[in-house]
Every structure is written in structure tokens, then in C-alpha cells.
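Trainee: Listed below are the residues making up each chain.
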Amino acid sequence: MVRLADLPEWEREHLLEKAGEAPRFTSRPWVKGAALAQRRVAIVTTSGVHRRGDRPFSLIPGTDYRVIPGETRADELVMSHISVNFDRSGFHEDVNVVFPIDRLKELSRDGVIGSVADFHYAFMGAAWPPTRFEPKARELAVLLKKDRVDAVLLTPV
Amino acid sequence: MREHTELIQPPRALWVPFMLGRPLGAPNAPGFQRKVLIAALRLLEAGPGPVLQDFPEDAPAPVNASDMEGFACPVSLRRPQPDGDGEIDMTQALLDEVAQLLPWHDLAVQRRGRSTVGISGIAIEEAARYVASHLGAAPAPNYDMEISVAEALKRACDDLKAFYCEAAAAQPGNPAGDEIQEWFWQQTAAGRLLLDLQEVCRESTDKSMQMLGRSLLVPRAVSHSLLKASDTI
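Top line first, the protein sequences correspond to chains A and B.
In this text, residue positions in the first sequence follow this note's numbering: the first is 1, and each later residue adds one.
In this text, residue positions in the second sequence follow this note's numbering: the first is 1, and each later residue adds one.
If we strip away everything but chain B, and leave its shape as in the complex, we get (with noise of 0.2 angstroms):
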């Protein structure tokens, strides 16, 4: 934040108007990414300090963006069914999910090469098992248990949003990443899932599942969505 860097008058810093968690502007744009670089590393040249300097261009829009309707997901992702006492299974929804996006998450490592998800260690059936096993009565054993469950738990979810995340980006379209965040928390069970899970972890009596629960699953531009969303009902 510009704000922030004006009161701590840190000795040199260059301002970026890109979002957060973009501070070189925008992915697979090198000619863009080295501009911001040299221009940061410049600072180092100019004087007297404090120097807090703007960059004067905003990032480039992604190629090929979708258009403003928003991300339509191509994969029909079939939706929860009731059994025959009501409930739905959550964990066979999951999981009917993370098979139908399969082709398309391999199709993206094949692309890029890498893949971000792995931070749980286990594969992602595995993490979808755990996620979902935490809103039953008996949850399942902690996959690694130099862990503590919330630490566990947080893993598995991350793991599982950038597994959607990553899938989802490889379909036709090239949907922006917020468009993909609107998709996996309005559209999907996993994102559904999480929402429930958030409850859970704020009910329980540990520590650090109530902090998981408070602010650690779901962004809060989500929590403030819904928000809204029910005040208008």
C-alpha cells in the first residue's frame, strides 16, 4: 500500500498498482515483469532518501481474457444428489468433482510444466477424503502426524483450491483469476464444502481450528459476498 510505505519511509520503494499477490504485475509477461524489476532496482541509483517512487503503468490484461459475463465453467460439474434419506454426500460429491477436473488439471501441468498443489504431501483424492471426512461425527486419522489437524487441514485446502484453481485455468477462454475464485466458492462442492467446514472449525474447542475457521479458509471478499448476498434476501 502506498499509504502504509508513505508513514514507514523505508529507504527506497517503488509502488505497483497491481493486485495483491502480483507485485511483478502479471504472469507469463516478461517484458512487463523485467520494466517493474529495473525500475525497483534503479532506486538503488537515486538519492536521498526516503524514495518512494510510482510505477506509471498498470498491468497488462491477460490475452484472450473472458469476456464480462464471468467464467462459465465448460465442465458440467454435476451437482450433489440427495440420497434417499435427503443428504448429500459430500465426500462422493468431492470427489465426483476432482475426477471430472483431472484431465484438465494434467492438461495444465503439461502446459506449465508445474503444478503449485502438493503442499499436503498427499495426492489430492487423498486431501479431498480428509477435507470431508471434518464435517462428520469422526473425522479421519491426521495423514502426518508431526502436524497438528488445523495445520493439517489448512494443507489439504490449499491444496485443493489450487488444484481447482490450476484445472480450471486450462479450460477454453483463459478465465482471469477472479473469475475462477467465483466460480470455485459459488459453483462448485468443494467450495461449498469449505464454507461448511469454515463453521465447523469456528464450533470446535481447539485453538487453532477456531483460527482456521476464523479468518484462515475463506477470503474475506468471499465471507463479505455472502454477506451481502443474505442481507438482500
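Chain A on its own, in the form it takes in the complex (with noise of 0.2 angstroms):
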């Protein structure tokens, strides 16, 4: 997320535009779970990350996604968002600022969360409107509960 104040008017207006567009909740669901110390985490991004080996993602934005096997190293993570407008130079230097895979791991080392997912997931977030994930969505959700998942962080760019 960003300030809006900071960006330029016409920016301003194209992401206010989208709003407008914006799906709404029909219900507000709500569940609590286990304290964070006990909680599996797994991260799902819609970054457009993969890894080098992968099949790039696609120009046509499509709701698939590359799974992201908890061992992946750093360097073998590459990004095939097509959008053209968020900054990469962050990326390019420290793939924690998108998937914050190291931080995870020291934060189940430290006793902060109960222990991180064999498998993460990697959306390439350009399909809109964003109810068009839902059907997977749904997938993944099946797929997490069976890595015992109960928690999930989401990071767009």
C-alpha cells in the first residue's frame, strides 16, 4: 500500500478510479484462531514471483499461480509481473522486501509464530477484477490446510 497524497494527481485519480471498481464482502466472516506462537504461516503474494525455472507468467493476466517450495534460495527467485508501474529496484536487492521468506524463518526460530509452511504461493496480481482469483483461491485454501496451514500473510505490490 502506499499514501495517495504522495503520488501524482493523475495516479492518484487512476487508483481512485479502481476503487470505485472494487469488489465489496457480502458477509463479514470472522474467525480466531490459535495465538500467533502456535500458528503455521505461509506466504501468498501477488508479485509475480517464481522461481527461475518457472514458467514466466503471462501477458494475458490469468489467475494461476507458481509455488514457492519453502527451501527456495534467494537467488533462485525471479519476477514476472507485467505491470510496469511499482518499484523493482527493491526486489533486485532484497527479495524480503516482496517475500519475506528469511524473516519468516527467523521469526519461527525466535518462538514468535509456531513454524513456517512447506509451500508458499505466488500470484501475478494484473487479472481484474479480483474476484476473478476465487475459484483459486479456493484451491489454495484446500492445499494449505493440507500443509496444516493456519495462517496467511498476503503481500501485493
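Incorrect hints may have been included.
Taking lysine to aspartate or glutamate pairs in the DMTMM-like style, the calculated list, with each CA pair at most 20 angstroms apart, reads [as the list claims (entries may be wrong)]: (1) B:Lys35 / A:Glu106; (2) A:Lys136 / A:Asp147; (3) B:Lys35 / A:Asp102; (4) A:Lys146 / A:Glu106; (5) B:Lys228 / A:Glu9.
Hints are computed from structural coordinates only; laboratory data are not their basis.
Work from the hints to combine the two standalone chains into their complex.
Mentor: Structure below.
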């Protein structure tokens, strides 16, 4: 997220226009879970990050995802998001600014969270409207449950 | 955007005042990233929802960032020279730039232990030749027959941009991301070539190429600043 006030007027207008088109939830589901120190956490990002050998995300925005195994090294990760309108220099320097896998492992080691998932997932968040992702999100929920995940960190760009 | 989150009302959201593309705030700032991450994860223990919390700190400024006068690439990139007919060979200009930046890119890889170049799967010189060929009457054959020309072009362009960005970031002064962007689009043959390519794509009869030219090669900020500059002439 970013401060709208920090953006030039044309960018503000563009983003506010998107806000008007954004979907709304029709219900207010609320689930209380275990304490953070007992949670198993996965990252789901819409940044278009994936392993170097994976198929890059397509020019035509879809709702497909890439799997990032927990043991993936930083030097194996690249980004094929199609947008040219966000900063990539931070990701070039440090994957954790988008995909904080090292930080998550540190929190697990320090006992702040219970454990880190075996698998993380990446979408390329250009498909619109976001409701198009619902079938894949439901698919992912099943996979996350099989990995005993009970907390997900969503990181957009 | 906070405004979007207020409307959509997801169960839990941490609003952060960082630039787009940096949800954890700043690269190579593990302490700060950890604070952001814990603030987000602590929302799991908050309630009742929907919870929208503001992260109270701005991202730390990069250490040794170059001054406000902007980044001047210490590598003196030769301006492309016209040939006897007054034409500029953009392919050669691009290859010259790539060759001049290679030692800096090598240094970047050594320091960071990684590079994000490689989406196209071809060498950077080949990516440069492929991109430049699309400005001419006879574009080079697609390097990957399993994908469309527009897809191949996009991947090669993204590799070029990442290569320049990583090479520039390794140079003295620790230039900020926006300074590198400005340098790329205003001072390099690669930036000029991509602006020309944008026009070629817009005029293509291929819909994917048109889409590429419309919004997927040149950032909106660059298009707007060029438009503003042309209005003041």
C-alpha cells in the first residue's frame, strides 16, 4: 500500500477509479485462531515472483499461481509481473522486501510464530476484477490446509 | 491503498506507507522488515473485525543515497553516433551500452549473490539484439517458439531493464530506485529504444503487441513526464 497523497494527481485519479470498481464482501466472516506463537504461516503474494525455471506469468493476466517451496533460495527467485508501474529495484536488492521468507524463518526460530509452511504461493495480481481469483483461492485454501497452515501473509505490490 | 481497503473491508489489513513494489518497506533492512511483519501477523490476535491498522513508520531512507541532484552514471555511456547516412544504428548502440555495463552487472551479482535477469532465458546480448530488431523492417525470429512474439518481446525488455537497473545500482553513490529509473529513460540508448518500440507496438496489427505498446513497456510516470515536457516546448 502507499499514501495517495504522495502520488502525482494522474496516478491518484487512476487508483481512485480502481477503488470505485473494487468488489465488496457481502458478509463479515471472522475466525479466531490459535495464538501467534502456535501458528503455521505461509506467504501468498500477488507480486508475480517465482523460481527461475518456472514458466513466467503470461502477458494476458490469468489467475494461475506458482508454487514456491519453503527451501527455495533467494537467488532462485525472479519476477515476471507484467506491470511496469511499481518499484522493482527493492526486489532486485532483497527478495524479502516482497517475499519475506527469511524474516518468517527468523520469527519461527525465535518462537514468535509456530512454524513456516512447506509451500508458499505466488500470483500475478493483474487480473481484474479481483473476484476472478476466487476459484483459485478456494483451491489454494485446500492445499494450505493439507500443509497444516492456519495463517497466511498476503503481500501485494 | 488505504482507500481501497476501507471500501473492500477484508477481515485484517495492515496499511503501510511504502512505495508500490515494497510491501515490507525497504530492502536489506531486516530489523524494519521484521517490525512490519510482526505488526501484520499480530492482527491475527486482534478483533473483532474488520481490522484495518496503520503502520506508524515510514520506510528508512537508503544509506549513502546520492544527493538530491540526481544520479549521474559514472560510466560514461557513449552517445550513439550517426553513420555516414545520418542514421543511428540502435542495435550497435544498445550492444555498446550493454558491454559497458557488464562489469558493473558482474559486480552486482558478486555482491548480491543473485540476479533477477533471466526471465527470457537468453543471454543479455541476445535479448538486446532481439529487442532492437523489432525497430527494423525484419524482426529477428522468435527465440522461443512456444510463446507469442509479444510475450517474447516483453520478457526480453524486462531482462534488459533489470540488467541496467542492477548494473547502475552497483555503482558508487548507492543511487535510489527512482534515480536509476530517470537515468534509464532519459540518458540511455536502451530507454530511447523502448520508447520507440512502444510506438512500433502501438501501430502493430497484433492485439498482444498493441497491449504491450499501450501500457506494458513504459511506466505511466515516464509517459506523463514526457507529455509534460512536450507541452512546455
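Trainee: Hints first: check each against the structure and report whether it holds.
Mentor: Hints, one by one, checked against the model:
Taking the CA atoms of Lys35 of chain B and Glu106 of chain A, the gap is about 12 angstroms. The hint holds against a cut of 20 angstroms. A C-alpha spacing of about 17 angstroms is found between Lys136 of chain A and Asp147 of chain A, which places the hinted pair at or below 20 angstroms, so the restraint holds. Between Lys35 of chain B and Asp102 of chain A the CA atoms are separated by roughly 13 angstroms; this keeps the pair inside 20 angstroms, and the hint holds. For the suggested pair Lys146 of chain A and Glu106 of chain A, the alpha carbons sit about 23 angstroms apart, so the restraint of at most 20 angstroms is broken.
Restraint check for Lys228 of chain B and Glu9 of chain A: satisfied, since their Cα atoms lie roughly 13 angstroms apart, inside the 20 angstroms limit.
Hint check: a violation occurs at hint 4 only; the rest are consistent with the structure.
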